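Sequential numbering from 1 applies to the sequence shown in UniProt numbering.
None of these hints come from the bench; they were simulated from the model. Hints are supplied without guarantee of correctness; some may be wrong.
Stated by the list, open to error - Cut-off 27 Å, straight-line C-alpha distance, at most; resulting in silico cross-link-like pairs (BS3-like, lysine-lysine): (1) Lys801 <-> Lys823; (2) Lys157 <-> Lys38; (3) Lys818 <-> Lys848; (4) Lys289 <-> Lys344; (5) Lys766 <-> Lys823; (6) Lys751 <-> Lys848; (7) Lys751 <-> Lys660.
Unchecked claim - Label-pair restraints from in silico Cβ distances: (8) Ala303 <-> Gly807: 54 to 64 Å; (9) Ser668 <-> Ser743: 18 to 28 Å; (10) Leu918 <-> Val398: 31 to 41 Å; (11) Met808 <-> Val398: 22 to 32 Å; (12) Pro863 <-> Pro764: 42 to 52 Å; (13) Gly513 <-> Asp266: 37 to 47 Å; (14) Tyr307 <-> Gly513: 41 to 51 Å; (15) Arg775 <-> His662: 15 to 25 Å; (16) Phe2 <-> Pro161: 29 to 39 Å; (17) Glu475 <-> Pro384: 35 to 45 Å; (18) Ala511 <-> Glu228: 29 to 39 Å.
In this text the structure is predicted, and so the values were computed from the model without any measurement. Even for Gly, the Cβ is constructed at its ideal location relative to N, Cα and C.
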Amino acid sequence: MFLQIVDVLLGDSSFGVVGAAAVAFKSVCPNCLALIAKHFQRLCETLPDIEEWYQITLIEILLRYVIAKHGLVKDSVMFASGLSLETQAGRDSVPVSNISSTQAETIVKGGSGTMPNIMLFRHYIEEYSGAFDRDEDKFSFPSVTSSTNDDVVILLKCTSPLLWSQNSAVILAAASVHWIMAPAEEVKRIVGPILFTLRSSPDATYVMLGNILVFAKTAPLLFSSYFEDFFICASDPYQTRALKLEILTTIATESSIPAILEEFQDYIKDPNRRFVADTVAAIALCALKLPSITSSCLEGLLALVLYELSITNSVHLNEEDAVLVQAILSIKEIVKIDAASHEKVIIRLVRCLDTIMEPAARSLIIWIFGEYSSTGNLIPKIAPVVLKYLAWSFAAEVLETKLQILNASVKVIIHSAEDQLEEFKRTVAYVIQLAACDMNYDVRDRARFLSGLLPCCANENDSSCRSQNVDVIKELADHIFGGKIPPPSNSDSNYRIYLPGSLSQVVLHAAPGYAPLPKPQSMILIHKTVEPTRGVADSSEGTNSDAESGSSRDESGSVYDSESEAGSDSNDEGHNLHRQKENQEAPLIHMYDGNVDQAYAGRAVDENLASLISTDLTELMSKSALESWLDEAPAAPLVPVQTSCARVSFTTRSFERKPKLHRLLDPSDSGGLSVLYAFSSEVSVKSRLLVCVDLFVENVTTEQLADITIKSEEASGSKSGMDQTSEGSASIPTLVPVEEIQSLAPEQRAKMLLQVHFHHHLLPLKLSVFCNGKRHPAKLHPDIAYFVRPLPMDLNAFLCKENQLRGMFEYARRCTFKDHLQKHEQTEESTDDNTDKNLLVAQTLASKVLSNANVHLVSMDMPVTFSIDDASGLCWRFSSEILSTSNPCLITIVADGHTSEPLDLTVKVNSEDTAFGLNLLNRIVAIIE
Numbered sequence: 001m002f003l004q005i006v007d008v009l010l011g012d013s014s015f016g017v018v019g020a021a022a023v024a025f026k027s028v029c030p031n032c033l034a035l036i037a038k039h040f041q042r043l044c045e046t047l048p049d050i051e052e053w054y055q056i057t058l059i060e061i062l063l064r065y066v067i068a069k070h071g072l073v074k075d076s077v078m079f080a081s082g083l084s085l086e087t088q089a090g091r092d093s094v095p096v097s098n099i100s101s102t103q104a105e106t107i108v109k110g111g112s113g114t115m116p117n118i119m120l121f122r123h124y125i126e127e128y129s130g131a132f133d134r135d136e137d138k139f140s141f142p143s144v145t146s147s148t149n150d151d152v153v154i155l156l157k158c159t160s161p162l163l164w165s166q167n168s169a170v171i172l173a174a175a176s177v178h179w180i181m182a183p184a185e186e187v188k189r190i191v192g193p194i195l196f197t198l199r200s201s202p203d204a205t206y207v208m209l210g211n212i213l214v215f216a217k218t219a220p221l222l223f224s225s226y227f228e229d230f231f232i233c234a235s236d237p238y239q240t241r242a243l244k245l246e247i248l249t250t251i252a253t254e255s256s257i258p259a260i261l262e263e264f265q266d267y268i269k270d271p272n273r274r275f276v277a278d279t280v281a282a283i284a285l286c287a288l289k290l291p292s293i294t295s296s297c298l299e300g301l302l303a304l305v306l307y308e309l310s311i312t313n314s315v316h317l318n319e320e321d322a323v324l325v326q327a328i329l330s331i332k333e334i335v336k337i338d339a340a341s342h343e344k345v346i347i348r349l350v351r352c353l354d355t356i357m358e359p360a361a362r363s364l365i366i367w368i369f370g371e372y373s374s375t376g377n378l379i380p381k382i383a384p385v386v387l388k389y390l391a392w393s394f395a396a397e398v399l400e401t402k403l404q405i406l407n408a409s410v411k412v413i414i415h416s417a418e419d420q421l422e423e424f425k426r427t428v429a430y431v432i433q434l435a436a437c438d439m440n441y442d443v444r445d446r447a448r449f450l451s452g453l454l455p456c457c458a459n460e461n462d463s464s465c466r467s468q469n470v471d472v473i474k475e476l477a478d479h480i481f482g483g484k485i486p487p488p489s490n491s492d493s494n495y496r497i498y499l500p501g502s503l504s505q506v507v508l509h510a511a512p513g514y515a516p517l518p519k520p521q522s523m524i525l526i527h528k529t530v531e532p533t534r535g536v537a538d539s540s541e542g543t544n545s546d547a548e549s550g551s552s553r554d555e556s557g558s559v560y561d562s563e564s565e566a567g568s569d570s571n572d573e574g575h576n577l578h579r580q581k582e583n584q585e586a587p588l589i590h591m592y593d594g595n596v597d598q599a600y601a602g603r604a605v606d607e608n609l610a611s612l613i614s615t616d617l618t619e620l621m622s623k624s625a626l627e628s629w630l631d632e633a634p635a636a637p638l639v640p641v642q643t644s645c646a647r648v649s650f651t652t653r654s655f656e657r658k659p660k661l662h663r664l665l666d667p668s669d670s671g672g673l674s675v676l677y678a679f680s681s682e683v684s685v686k687s688r689l690l691v692c693v694d695l696f697v698e699n700v701t702t703e704q705l706a707d708i709t710i711k712s713e714e715a716s717g718s719k720s721g722m723d724q725t726s727e728g729s730a731s732i733p734t735l736v737p738v739e740e741i742q743s744l745a746p747e748q749r750a751k752m753l754l755q756v757h758f759h760h761h762l763l764p765l766k767l768s769v770f771c772n773g774k775r776h777p778a779k780l781h782p783d784i785a786y787f788v789r790p791l792p793m794d795l796n797a798f799l800c801k802e803n804q805l806r807g808m809f810e811y812a813r814r815c816t817f818k819d820h821l822q823k824h825e826q827t828e829e830s831t832d833d834n835t836d837k838n839l840l841v842a843q844t845l846a847s848k849v850l851s852n853a854n855v856h857l858v859s860m861d862m863p864v865t866f867s868i869d870d871a872s873g874l875c876w877r878f879s880s881e882i883l884s885t886s887n888p889c890l891i892t893i894v895a896d897g898h899t900s901e902p903l904d905l906t907v908k909v910n911s912e913d914t915a916f917g918l919n920l921l922n923r924i925v926a927i928i929e
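Construct the entire structure; sequences and hints are all you get.
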């Protein structure tokens, strides 16, 4: 029914209705993309005319349809960038206005290589099926289409005007379509509109910069000519400044780097020292990217270190130490590439040890000295003096610096020459002796480790120096402290990418509701593989030709698949057989694989949706195509994972049902007549709207009571209670007439069954209890937990129905359950050690829910991988049907915690009736607590 309504609304002539229908489509059936086929051209044409926020949703739907129908464009940035090409990081930028088709691949390559472009496939596309051939550096990705495809052309044509919209979100949505689907030489059209949005509000600017960063990492030369647009403004917040710095380092080229470095010199003078530290890191990244400026960057960083030393020694500013540490860290990263050619820089840093007091900065310099103590010609000459200085200052250093001194001492002695070895041994032995007496345990532990690793350094006269294990020990020490430093990893390979314009791209993790693009040409592939098995004439040639033309206006002649109707009858018969066998005895515990139930539920959901789809939609695609839209069978993951989720199911039905008794009439106010009531799980045979209530009448006096009857005050004037039920006011509860009790002897009890029609769970029923000719007023308060009746179903049917009632039809709350603790204590005191604690918890909660709510217990299960005292994952499922609407109402309870402690429960209710579902959820929580 929902799909039929959305189908009608998408074909409406009103722009407002079309926009609202697009939002409804995304909420109700986002995967039923074939519904868009017959409306695609008109939706594209009306796209510029609908409301701005509706445009964003409709653009996303149209993009997903084109990819699912035709696949990616072969000449697009995503596909063309998969071809092998040498790195172009050092080239000058090419003006975007002069980009030709032959330069398109060069632009998308930039300095990023092929990895960021492979990431576009992996993070943009669902069920990524492209195979990267490492030997030939090529993609094997057959699901592509031409840029002249009719649907692709009209989509790009109709979204082009939106690039100059007044709404930044619309601009970003339109730009994402061109980024993914437009030919590489035409991607240039998104640059101007995107850069124009940087003049909007700070929040919109931050979101846009986050997406520009992804574009720049994939195609840096696309923005390289516009580097001045990313210069920092004085009013920019810190987050915006950090993004601009990263973009500048990404798009920097040989021609633009002088202007960028000159701009960085001004940033270093900024009062925000955290931003200054980020600028220093950006300078190092530029030096690593463009080797021609390495020397000038090192000179500038050394000058900055000396300047920061003069500042910190005179006046200590907030976060000034961070700038000094970042400058030394940047020098360390640059020197790591070619330490031999930068030994003078290392010497100048080591000479600053006398004046640098910041522990982190001193530790970095000591690490640099120890790592490159044998590099070049000058550093080995000053090594003895520096090592003696470190030994002299060891006692006054902090923990971090002491550990670095110990490590550096070992590195120096490992790589020292023979003529300096004895001198180094004495110095290192002195340092290890100081460390062995240090107050800190970590320093003493490191000293003991080094003394065992290098016994010759710990004691010159140690006989172990002449043992046969000396060579082994030295080899081990060289392996630990003298290993080669791995090359710097590519940070882009760990960079997470999400679809442009999505919330996930802003928060850098998968936000709720995020979905990648569908698998390319998934709709066409389904036609090719399914139609021959259905007995339909082979139409592969027609399908291929339709894929080439790209037109979605010629699809109305598909064959209608009628097998779903026959399948539904067989499903009903199987379900009835299951109900007949449901009451038979079952084993107490059995194991099953949860994946089987989920797959069955997925298939059942698809079959139910297929029965709701209009004739026009079912004429478009077969039943197997519907299964693909709902992503029933995802592709195999790239990394093998454990897919089994077996669970233990408790099928016992021996539950203790103790309905709660409520007092309707107090004997002190009624001449000795006591009336209690409890809601019954019995279903009325007169009307499905009636709730059954058990009355317990007792005579607590020594005299006989006569003529006991109960009537409703509102219905006392009516001839028949059932007439009032069907014809009375909808706001007044009605009571079905009950038989009168002629007499009740002393201490005698009697039971009566009331059938009540409550019109609201808050309105009590006003009653009149007559006894011995006297009237006694009373009120019967309703319980919403009995406004439902049990709905028997098996686990697979439950999961199927639950899958249909997701999103806005799902409500959840957390609560605490403690009733099992008393039974747990009784079990521990008893001599029976065979009691299953998890089964005890399961029975206790199920008994409490079934005693206070008129529901059906579907299953109780928990994961196989549990400990004896761990109840986490224990799950109860209850099913019911609302009396007034006959709509299903599902209850799921999941436990977390240990059986010996109060359990944290998550209670979830799935119901189409929002108000009823929320009130029932609150009632179930109250019952549990």
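A quick look at each hint next to the structure:
1. Lys801 <-> Lys823: Since the Cα atoms of lysine 801 and lysine 823 sit roughly 35 Å apart, the hinted pair is violated (cutoff 27 Å).
2. Lys157 <-> Lys38: 19 Å, holds
3. Lys818 <-> Lys848: 12 Å, holds
4. Lys289 <-> Lys344: Holds, because 22 Å separates the two Cα atoms, which is no more than 27 Å.
5. Lys766 <-> Lys823: The given pair, whose Cα atoms are some 39 Å apart, is violated under the 27 Å limit.
6. Lys751 <-> Lys848: 23 Å, holds
7. Lys751 <-> Lys660: 16 Å, holds
8. Ala303 <-> Gly807: 54 to 64 Å: Roughly 59 Å apart at Cβ, these two residues keep to the hinted range, so it holds.
9. Ser668 <-> Ser743: 18 to 28 Å: 22 Å, holds
10. Leu918 <-> Val398: 31 to 41 Å: Cβ of leucine 918 to Cβ of valine 398: about 58 Å, so the range 31 to 41 Å is violated.
11. Met808 <-> Val398: 22 to 32 Å: 57 Å, violated
12. Pro863 <-> Pro764: 42 to 52 Å: 44 Å, holds
13. Gly513 <-> Asp266: 37 to 47 Å: Given range 37 to 47 Å: holds, Cβ gap about 42 Å.
14. Tyr307 <-> Gly513: 41 to 51 Å: 50 Å, holds
15. Arg775 <-> His662: 15 to 25 Å: Between arginine 775 and histidine 662, where Cβ atoms are some 21 Å apart, the hint holds.
16. Phe2 <-> Pro161: 29 to 39 Å: 32 Å, holds
17. Glu475 <-> Pro384: 35 to 45 Å: For proline 384 against glutamate 475, whose Cβ atoms are near 25 Å apart, the range 35 to 45 Å is violated.
18. Ala511 <-> Glu228: 29 to 39 Å: Holds, at about 33 Å.
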